[in-house]
Amino acid sequence: MIGIVLVSHGPLADGFKGAAEMIVGPQERFVALGMDPSADLDVLRSEIEAAVASVGTDGGALVLADLMGGSPANSSAAVALSGTPVICGVNLPMLLEVLMSRESASLHDLAETAFRAGSEGVVDLGKALAG
Amino acid sequence: MAVIHLRVDNRLIHGQVTVTWAQSVGTNFIVVANDKVAADPIQKMILPQAARGVPTKVLSIEETLKFVDTPEGQKAKIMVIAKTAADALALLEGGIKPVEVNVGNQAPVQGTKYKMVMRSVAVTAEDAATYRSIAAKGFKVTSKMMPSDRANDFIELIAKNGF
Chain A
1 MIGIVLVSHG PLADGFKGAA EMIVGPQERF VALGMDPSAD LDVLRSEIEA AVASVGTDGG
61 ALVLADLMGG SPANSSAAVA LSGTPVICGV NLPMLLEVLM SRESASLHDL AETAFRAGSE
121 GVVDLGKALA G
Chain B
1 MAVIHLRVDN RLIHGQVTVT WAQSVGTNFI VVANDKVAAD PIQKMILPQA ARGVPTKVLS
61 IEETLKFVDT PEGQKAKIMV IAKTAADALA LLEGGIKPVE VNVGNQAPVQ GTKYKMVMRS
121 VAVTAEDAAT YRSIAAKGFK VTSKMMPSDR ANDFIELIAK NGF
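Chains A and B, in that order, give the protein sequences. Under my numbering, the first sequence has 94 at position 94, and the numbering climbs by one with no breaks. Under my numbering, the second sequence has 79 at position 79, and the numbering climbs by one with no breaks.
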């Protein structure tokens, strides 16, 4: 099972984890890292590397970051450049799709799934209801 | 025009800088100035990506000073980002003359005797002396989180914290 590491500003990562587990139940190999305003980015980078190593022992790990250009995403650059896919702009539709596909998908396919599910998950409800 | 703003921020380029500050100070060029960062190929790659379209260079302190003096540097409205107070002082001693000096983020360094003077600004006794040297050169130092915040006096703030 591919491991998931969520990295975000403040409590967003924990928030996403809590919300996802309400829907798909408790998850293994799933780490949420929230960055404090007073964070040291070298420390954060090491924490991300450690999380990837810890959850990625069975098929690798996928990192989902909240915002391209934010410090959590910037701190994921090292793992991104050494073979761990990092998708920025995580939302709940993306996270759920990833959690439901990660048993059987390859790491490459899971990253593609994340990328696609994130945008497909943005829906105008009024239009959807109007048919 | 050259350097219009000097920011002290150990996180260098990130959302807060590019989404609010860059636009507010009217910069059209960002220079991250730090010797170690400039020698790191990963940082040299990722920081311009994080700058959301603002042309960005990642240079050593010396390269920064040289760049500011070139015709390209002189024509641009540069926001220089210093990682530490010490780097900021070195840049100012090297001759850059920013209109504003603002302390954005300074993470505490494990093992040092620091005080959080703001939620995201740690100061040690050494830092305090450095900031005083900066002020002694005639620069007003603020620590506004958002550009729209009222300007404070950072030297007053560190004095209040016993430095």
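In case anyone wonders, no lab produced these hints; they're calculated from the structure. In this text, all values refer to a predicted model and were calculated from it rather than measured experimentally. Each hint should be verified, as a subset may be incorrect.
Said to hold, decoys possible - Cβ pair distances, simulated, as ranges: (1) B/Lys97 - A/Gly126: 51 to 61 Å; (2) B/Arg52 - A/Leu92: 23 to 33 Å; (3) B/Glu72 - A/Pro11: 41 to 51 Å.
For every residue, glycine included, the Cβ atom is placed at its ideal position computed from N, Cα and C.
Cross-check of the supplied hints:
Roughly 54 Å separates the CB atoms of B/Lys97 and A/Gly126, a value that falls within the hinted 51 to 61 Å. Between B/Arg52 and A/Leu92, the C-beta spacing of about 24 Å keeps the proposed range 23 to 33 Å intact. A C-beta distance of roughly 43 Å is found between B/Glu72 and A/Pro11, which places it inside the suggested range of 41 to 51 Å.
Checked against the numbered hints above, the structure violates none of them.
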